[in-house]
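J.: Residues per chain, in single letters:
There are 2 protein chains.
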Amino acid sequence: MRYSKLFGKTLKEVPKDAALISHKLLYQGGFIRESTAGRYYFLPLGMRVFDKIKQVIKEEMDKAGAQEMVAPVLHPKSLWEETNRTTSVGFELMSIKDRNEMEFVLGGTAEEMLVDLVRKFQISYKDLPFNLYQFSTKFRDEMRARGGLLRVREFVMKDAYSFDRSEEEFKKEYAKMSDTYTRIFERVGLKTIIVESDNGYIGGDYCHEFVVESDAGESKFLTTEDGSYAAHEDVAVFAIDKKNTDEEEKALEEVEAVRGTTMEDGVKLHNKPLWQQIKDVLFVDEQGRFILAIIRGDYDVNEIKLLHAVKAYQLRAATEEEIREKLHSEPGFISPVGIKEIVDKEIKLVIVADPSLRTIKNAYGGANKKNRDLLNMNIDRDYNADIEIDIALAKAGYKTIDGKELVAKKGIEVGNIFQLGFHYSSKMKGAEFVGADGTKKQYYMGCYGIGLARTMAAVVEVYQDEKGIVWPVQASPFICHLVGITNNDERIRDKADEVYKKLLDAGIDVLYDDRDVAAGEKFADADLIGIPVRLVVSQKTLAQEGRIEYKERASETAELLSIDEILKRLTVVKKEV
Amino acid sequence: MRYSKLFGKTLKEVPKDAALISHKLLYQGGFIRESTAGRYYFLPLGMRVFDKIKQVIKEEMDKAGAQEMVAPVLHPKSLWEETNRTTSVGFELMSIKDRNEMEFVLGGTAEEMLVDLVRKFQISYKDLPFNLYQFSTKFRDEMRARGGLLRVREFVMKDAYSFDRSEEEFKKEYAKMSDTYTRIFERVGLKTIIVESDNGYIGGDYCHEFVVESDAGESKFLTTEDGSYAAHEDVAVFAIDKKNTDEEEKALEEVEAVRGTTMEDGVKLHNKPLWQQIKDVLFVDEQGRFILAIIRGDYDVNEIKLLHAVKAYQLRAATEEEIREKLHSEPGFISPVGIKEIVDKEIKLVIVADPSLRTIKNAYGGANKKNRDLLNMNIDRDYNADIEIDIALAKAGYKTIDGKELVAKKGIEVGNIFQLGFHYSSKMKGAEFVGADGTKKQYYMGCYGIGLARTMAAVVEVYQDEKGIVWPVQASPFICHLVGITNNDERIRDKADEVYKKLLDAGIDVLYDDRDVAAGEKFADADLIGIPVRLVVSQKTLAQEGRIEYKERASETAELLSIDEILKRLTVVKKEV
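Chains A and B supply the protein sequences, listed in that same order.
Mapping of the first sequence onto the working numbering: residues 1017 to 1593, in sequence order.
Mapping of the second sequence onto the working numbering: residues 1017 to 1593, in sequence order.
Watch out, some of these pointers could steer you wrong.
Copies of the same chain look alike in the list, so a pair counts if it fits in one copy or across any two.
Quick list of in silico lysine-lysine cross-link-like pairs, DSS-like style, CA-CA up to 25 angstroms [said to hold, decoys possible]: (1) Lys1187 / Lys1456; (2) Lys1517 / Lys1142; (3) Lys1356 / Lys1386; (4) Lys1426 / Lys1207; (5) Lys1188 / Lys1074; (6) Lys1415 / Lys1457; (7) Lys1070 / Lys1207; (8) Lys1079 / Lys1590; (9) Lys1386 / Lys1584; (10) Lys1074 / Lys1591; (11) Lys1517 / Lys1074; (12) Lys1093 / Lys1443; (13) Lys1517 / Lys1591; (14) Lys1040 / Lys1136; (15) Lys1021 / Lys1456; (16) Lys1342 / Lys1364; (17) Lys1590 / Lys1070.
Just so you know, the hints here were simulated from the structure itself, not pulled from any lab data.
Only a predicted model underlies this, so the values are computations on that prediction, with no experimental measurement involved.
If we strip away everything but chain A, and leave its shape as in the complex, we get (with noise of 0.2 angstroms):
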């Protein structure tokens, strides 16, 4: 490709919005533009990149044994209902009328279309299993989009689903697709990290998320030092240490306690240690539930865990209106003990308790009364919870269950996968397959997704330099940026042309650029855009027996190099893509 004729030349000026460097060297460079917040054009340098990672991500899918196919853009929006998506997704879901005014969602993720169509299919045990996948654009009402192509309202997705028998298998293509991430990721130049993470309104029982370490990223999350546990700040898990579990049990005691309605003004009245007082947080769900999240005062709570503890879609905290009128209680006074005897009979009361109250005993707190706080409250003897599960939320220094000290991390989120299980299957009528006995059973699925775009931007993210991108060879738009250095010299215009016709004939990617502008220029331009190698005709170079300098990006260092050895080079190059 001749520089000269590529649409989409670079640019000195920064988009204002441009924090990211991503954002930044991908605007200068000519890859992207935007055309609304968070919907990007790609140019035709960028196109490249792009099909060159999708490349990347079809080989590597094919070879696991997934089969591509493509489902429309456009989902029926009764299927969404089937599942009650059209609830959990909430205002990231846009959907459309058409002019027989059947309404259709615009797909952010596709397991009921993938449910519905595998549903069309008498399917035995024999056919199964199989991975489908599918590269197509999605989209994500975000109310606010990032600039540069980290979060974006439009995007094209690598979205794979599988279909098993049972659990045991799944559980071995779910192991097959996370090694085929790590090696997608890896070919691109990407290290990833695989993090436990939250499924949001996905569904099923667990999922990881693959993270790129970096401080662009949105994606927060705790790991040890040696990286034997990472897990999203949302479900990571750890270590609660024991308190005063062998004292005895006091009697119960209300007391009088002006105070004010923090936990300290609790530490400082009772002069007691905080993790000895109740922590109580009390939501509102979308049903109007009412939920009262109790933890060990020195922990604070989860509201993702809490979320899927109460199997609610959103949450919010409750008003001290609320609490008062409703609840007959008191802000900052609020306590398990008895508060379900005191609320409005309409009120739905939902109590949930973290196992760290059972690491104390005769913790204290609120008495449900202004200025009465309640000592010596005992789980089971004086109060007891609709709901005991894990409800915390980790943070950095705190300990993993075998005893390493987590850290925290940012980084980018370039890919997920989704254990499903029987999730869509249950809901979706039949969605099943016959089994050897002849008799009808569920499918067992799980699903997973790349952001091809995402990924772009996390490469660049991680290779770049004050001078602009270095691409790693198998993302580069070309392996080779041929520079001309002319000064209207017809004869070294001649040379260029020359080298970049053996090029071509040889096979190999080659941007030419062949303005005549000054060198300076060009050479910016190329250390701007970024491909891996880079060659200089000039009068200069061709005074050495005609040689050509070779310089990678990378490298601070050129050579002198004759046409021959720069095509063997460039040939070893080209099989590594």
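Since the structure of chain A is provided, determine the placement of chain B on it from the hints.
T.: Just chain B now, kept in the frame of chain A:
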């Protein structure tokens, strides 16, 4: 690929609404499934065909110097308002608001998006010309979708947009794209006819459809036996013979005419030829203007030509009530003579005359009053038109301008190319480049589309027989279909597995039917799926010195060949792809 593992097996049943052979065979063969009417899944087999066609298009577009990029699927509605297309496209346009109340159009074609992209750059004459193309999902809210892939509501289109410095430069690009399209279709086995056509809401002055002759098609066109002329019914022109132009103009005369309202009633009453009567057809456009189309009595009005003549988007027939109460004329007795003087003051009436009226003298017809006719009407003397332009509908049997007879044909429109000229660059602010003289100029545009799914359906319409599809190699999902007739004989299964492995090692795309089903079923499936070469390993073939049966799908005869000979032949076939 092992057929036992392929998702999407063959079926005997046919979808209820399958009127088209391509719909029937692509469904039965396991290539596609309908999601909702006009929105299709491509199953793994269909996806492979899709990719083959896509690859051919990509190769030829690249060879022609076009550059691949991609634009977002959701287009800001404001862009479509700039060019007034939100009005002109009408109901086929789907639009949607995001949660920030920004309006988008689901793109059906992307002229505005491309101009908006290009105007983000300060381009100069040195950057031009260029041609940008993309493969992306397009949407058309068709009132009725046809079964199968011929008329759908969501589809992947290869759309390209050329930007040139001048009309002269553009014409070369248009010719190059025309050749490129012919070659693309030829490579996937389709002979196309280049048919002049109407540009619908795309704009510009002229365009051409690439049509595959087929009774399954919806594209009706007129052509000569020698193919020297081909035009869509909507735009076809023809030679109009002179009638009584030598006759003396007689005095205009109003006579009593107690008759019905048809042209034939006039002929009978006056005993004069149909051609001497004036045909008056009255329409109302989307702005409420009345359009009176007048033409020689033996011709019909072409509404598409009329639309363009008056620059309207939509026409409907005027009602009898409107004719009487607003125009103060009479249905069946409308006349251009004096009509402008009798219509309501607030009425905007546009008279459009076909040039055929200049081939007759002393015409007869209504007098704008019930049961009154005028005799001896002559253009210029008795009536004038606001617009005098060709609005005549061409028909089979008419003659071309150079005297050849027109015949009517039907076909499938697989691609089209449009001259856009300054249509978009004049409407969109900043759609310009800096010329060599330093002044800003609008660029001259063209656009070029290919529907991939429709191309796939067209291939099947052309290449099929009573047993199934007969894929041309370039569009086939695999190069060969290996069938093992094992009858539970491990030795034969091992041999078939060995052949499969050898084919894979040689890089031959092979579908291997490894199922435990009867030979007849396997053969029927192979014929239905239609892969060009079928290989059979059976007890019978193995008895012949370990040979393998080789049969081409398009041929009736089979041969017994050694594996080496087969590999040699298939390597040749592979190179054709």
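J.: Is it within a copy, between copies, both, or neither that the alpha carbon of lysine 1187 lies no farther than 25 angstroms from that of lysine 1456?
T.: within (21 angstroms within a copy, 63 angstroms between copies)
J.: At 25 angstroms max between alpha carbons, let me know whether lysine 1415 reaches lysine 1457 within a copy, between copies, both or neither.
T.: Neither. Shortest intra-copy (42 angstroms) and inter-copy (68 angstroms) distances fail the 25 angstroms Cα cut-off.
J.: When no copy is named, should lysine 1426 and lysine 1207 be tagged within, between, both, or neither for a Cα gap of at most 25 angstroms?
T.: Classified as within; 14 angstroms inside a copy, 57 angstroms across copies.
J.: What label fits lysine 1074 with lysine 1591 when the C-alpha limit is 25 angstroms: within, between, both, or neither?
T.: both (17 angstroms within a copy, 22 angstroms between copies)
J.: Between the shortest in-copy and the shortest cross-copy C-alpha distance, which are at most 25 angstroms for lysine 1517 and lysine 1591: within, between, both, or neither?
T.: both (20 angstroms within a copy, 24 angstroms between copies)
J.: Pop the pair lysine 1188 and lysine 1074 into one bin, within, between, both or neither, using alpha-carbon distances up to 25 angstroms.
T.: Within one copy, since 20 angstroms is at most 25 angstroms while 37 angstroms is not.
J.: When no copy is named, should lysine 1021 and lysine 1456 be tagged within, between, both, or neither for a Cα gap of at most 25 angstroms?
T.: between (60 angstroms within a copy, 20 angstroms between copies)
J.: Using 25 angstroms as the alpha carbon limit, work out where lysine 1356 and lysine 1386 are close: within a copy, between copies, both or neither.
T.: Classified as within: same-chain Cα gap 17 angstroms, cross-chain 88 angstroms, threshold 25 angstroms.
J.: Pop the pair lysine 1070 and lysine 1207 into one bin, within, between, both or neither, using alpha-carbon distances up to 25 angstroms.
T.: within (18 angstroms within a copy, 32 angstroms between copies)
J.: Under a CA distance limit of 25 angstroms, which applies to lysine 1590 and lysine 1070: within one copy, between copies, both, or neither?
T.: both (17 angstroms within a copy, 24 angstroms between copies)
J.: One pair to classify: lysine 1517 and lysine 1142, alpha carbons no more than 25 angstroms apart. Within, between, both, or neither?
T.: between (53 angstroms within a copy, 22 angstroms between copies)
J.: For lysine 1040 and lysine 1136, with the copy left unspecified, which applies at a CA distance of at most 25 angstroms: within, between, both, or neither?
T.: Only across copies: lysine 1040 and lysine 1136 sit 16 angstroms apart there, 47 angstroms inside one copy, limit 25 angstroms.
Checked against the numbered hints listed earlier, the structure breaks hints 6, 9; every other hint is satisfied.
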